[in-house]
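Residue-level listing of the chains:
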Amino acid sequence: MTKSDTPMGTKGLSRRAVLAGGAALTASLFAPKGLRAQDFPTAAVNTTGLAVTDDTVTIGILHSVTGTMAISETGSVQAEKLAIEQINAQGGILGRKIEYVQEDGGSDWPTFAEKAKKLLVQDKVASVMGCWTSASRKAVLPVFEQYNGMLYYPTFYEGLEESPNVIYTGQEATQQIIAGLDWVNKTKGAKSFYLLGSDYIWPRTSNKIARKHIENFMDGCKVVGEDYYPLGHTQFNSVINKIRLKKPDVIYAIVVGGSNVAFYKQLKAAGIDMTKEDPILLTISVTEDEIRGIGGENIDGAYACMKYFQSLDNPNNAEFVTAFKEMWGDDIVIGDVTQAAYLGPWLWKAAVEKAGSFDVDKVREASPGIELPTAPEGYVKIHENHHLWSKTRVGHAKADGQYEVVYETAELVEPDPFPEGYQ
Amino acid sequence: MNTTSFKQSFLTPRDMIGYALLAAVIFVIFPLLLEPFRLNLFGKYLTYAFVAVGLVLCWGVGGILSLGQGVFFGLGGYCMAMFLKLEASSPENTAIQSTPGIPDFMDWNQLSALPWWWEPFSSFGFTLFAVIAVPVAFSYIIGVAMFRRRVGGVYFAIITQAIAAILTILIIGQQGFTGGVNGITDLRTLHGWDIRTDSAKTLLYFVNGTLLFAVLLAAQFVRRSKLGRLLIAMRDQEDRVRFSGYDVANFKIFVFCLGAAFAAIGGAMFTLQVGFMSPSFVGIVPSIEMVIFAAVGGRLSILGAVWGTLLVNWAKTTLSESFPELWLLGLGALFIAVVMAFPNGLAGVWAEQVEPRLMKLLRRDSKAAAQTTPAE
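Protein sequence lines correspond, in order, to chains A and B. Count the first sequence with this note's numbering and you get residues 1 to 423, in order. Count the second sequence with this note's numbering and you get residues 1 to 376, in order.
Okay, chain A solo, but in the shape it has when bound (with noise of 0.2 Å):
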């Protein structure tokens, strides 16, 4: 099955027909034609008490819709229910149609813990997808172990886990960071680096990635600085004349939330004009969602490392694209983690069909080696290790708040969420 297959040009399609398209694509692709639930008794598919009826199967979805996190969680919010949408309008799974339990992480980590012990207790459902933060992702974790869910996680995050609970959509560190390095040492000759993040565990575990990766694999090439705020900083003013000072050819960036803000408005009031070059501003935390905030003039110029943008040229994005807009607004934005949310249901359908059963031990057994052609970023594909192979890609920043993709890596990157030679 080809790309071609995929119906083209679907401005000016109905959703209806879009749905319908998709449908028929991923009908052919995955599943035997016609799976009616009849021919898949709840007594054979269920046999561990989740909730599914003869026509229902019930999923939950967990993320913070209040809150700080509300302005980034929502588009994976979005991106699910699309794909729940989509999935139902072809049949469903299995002959069964999906209900969602939406429950709110309200931005605060222990809620999250309540929530998910909530989802897989009382209404026991067959997967969850959910989380965004790598704190609330650890806090639920134990949640997940001890009563045996399955949650699709759809940020990209510094990886060091890989637990048979957890379908990591998007990408771990060395997916994100290693592919873009390369590629600016390659192409633009860069050869020292300031490596500069907000003070959690994610930016300080990638750029402890993006260091040895410098030091280790890229001749002649050092890191010139190294330096953390914490989250919601916006005086970044001392670090722009350090890195001033330093003159480096990278400015490495993986500030996060609403720092970012700050950051991009400040380095620009200090006249360092990021469409010459000089330093090229590379970032892995800068989705076109964040550019909302940030205003696409003040980041014009700067280089993203991400393994999705909205303008990603494939009918499969044209269509998610469309689609996503449909429902959800003109004015919408996608960033890569929304996308990421988007496989989350449709990763979980594959495998439930693989398996023939919504059993969680059956569906973590067939999910390795589960392919999704029709994925917006193109053709995935689940590791033994639970994250996905994808491919890394470089954005650079337009002023109307999108990325023009200049880069994208040849094969798909395996992910590695334990690297050797990194820790």
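Just so you know, these hints were derived from the structure itself, not from any lab. Incorrect hints may appear among the rest.
[As the list claims (entries may be wrong)] Keeping only pairs whose Cα atoms sit at most 35 Å apart, straight-line, the calculated DSBU-like set for lysine-lysine is: (1) A:K276 x A:K325; (2) A:K81 x B:K226; (3) B:K226 x A:K362; (4) A:K81 x A:K362; (5) A:K124 x B:K226; (6) A:K186 x A:K362; (7) A:K81 x B:K44; (8) A:K354 x A:K381; (9) A:K398 x A:K381; (10) A:K97 x B:K360; (11) A:K381 x A:K362; (12) B:K316 x A:K325; (13) A:K325 x A:K398; (14) A:K124 x A:K81; (15) B:K360 x A:K124; (16) B:K360 x B:K226; (17) A:K191 x A:K265; (18) A:K242 x A:K398; (19) A:K212 x A:K188; (20) A:K381 x A:K208; (21) A:K188 x A:K381.
With chain A held as given, fit chain B onto it using these hints.
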């Protein structure tokens, strides 16, 4: 309030009714009606009640408004979490790390040895001591620094709030030693006893309830002692108490430390029942939330604090489960309704509406009922 009858017994018959009712609800009704998951959730709520009871003494009785009680809740919880984390980080459990045998977050932050101040927390005895001692010592230092200089009222509230903010930043910034924003997670066993099973959670619930009653009775004792009457006197006329020859600061320091100790017990029980601790309990927002629990319950009433905590948290959970995107508005409406309709909180409702009718029914010993005091 108790200005005319100094010789009030420790527990009046009316108090007995209140305590018996609460005991029946906590020890009989909840365990019978609730499934293990919900019971554990109520156990979590009750850990906040420890803080609220301390706030009734400090704020309602003593007039010292602390907006930083989360600090003591957090310190107690962290002490317990450190012990549990060390037990969960045995070399076998952490074989995958660069340095096996240390907590996972230290390994992620490139630490290669356990910091010296973590070492004593491998002893359970020391941990139990530290759960109380660390927050009490900290509150003593704050108390001495503030009350000896006669800092009080709004200034004190603002300073406690600043301390809560500072401690949060400290914990988050020192993530190699504290787990940072993530907190200390994945706590499993207490001396080999798996605290994650339903039976363990149920047992912990009862331990928690028993401790809460011990704290309630201690608070009741303070409230009814001479100390309690002095606190009220200080709240209403601090100068007169001072001119009568009492060292006002010492009483304030004592009641502040007592509130901290209560909060710390709650924090430790929270860690045991929920299985982790994070800086989100230390900061300003949770500290203020805990003041709200006490306010909804009625800030003068020890038992009211427990009911207030239960009501607010139950509403929070129920509203957010039913309306994941609008629940905050519902909770806000609840607060406004309580303040507008019942300025004395739940305890006021009890004292003004329920109790007089109850008394009419029971009417035997009318002597004690002659005086109207808020329910305790």
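Cross-check of the supplied hints:
| no. | hint | result |
| --- | --- | --- |
| 1 | A:K276 x A:K325 | holds (34 Å) |
| 2 | A:K81 x B:K226 | violated (62 Å) |
| 3 | B:K226 x A:K362 | violated (67 Å) |
| 4 | A:K81 x A:K362 | holds (24 Å) |
| 5 | A:K124 x B:K226 | violated (54 Å) |
| 6 | A:K186 x A:K362 | violated (44 Å) |
| 7 | A:K81 x B:K44 | holds (32 Å) |
| 8 | A:K354 x A:K381 | holds (14 Å) |
| 9 | A:K398 x A:K381 | holds (31 Å) |
| 10 | A:K97 x B:K360 | violated (59 Å) |
| 11 | A:K381 x A:K362 | holds (18 Å) |
| 12 | B:K316 x A:K325 | holds (33 Å) |
| 13 | A:K325 x A:K398 | holds (21 Å) |
| 14 | A:K124 x A:K81 | holds (19 Å) |
| 15 | B:K360 x A:K124 | violated (49 Å) |
| 16 | B:K360 x B:K226 | holds (31 Å) |
| 17 | A:K191 x A:K265 | holds (26 Å) |
| 18 | A:K242 x A:K398 | holds (27 Å) |
| 19 | A:K212 x A:K188 | holds (20 Å) |
| 20 | A:K381 x A:K208 | holds (27 Å) |
| 21 | A:K188 x A:K381 | holds (31 Å) |
Of the numbered hints given earlier, the model fails hints 2, 3, 5, 6, 10 and 15; all others are met.
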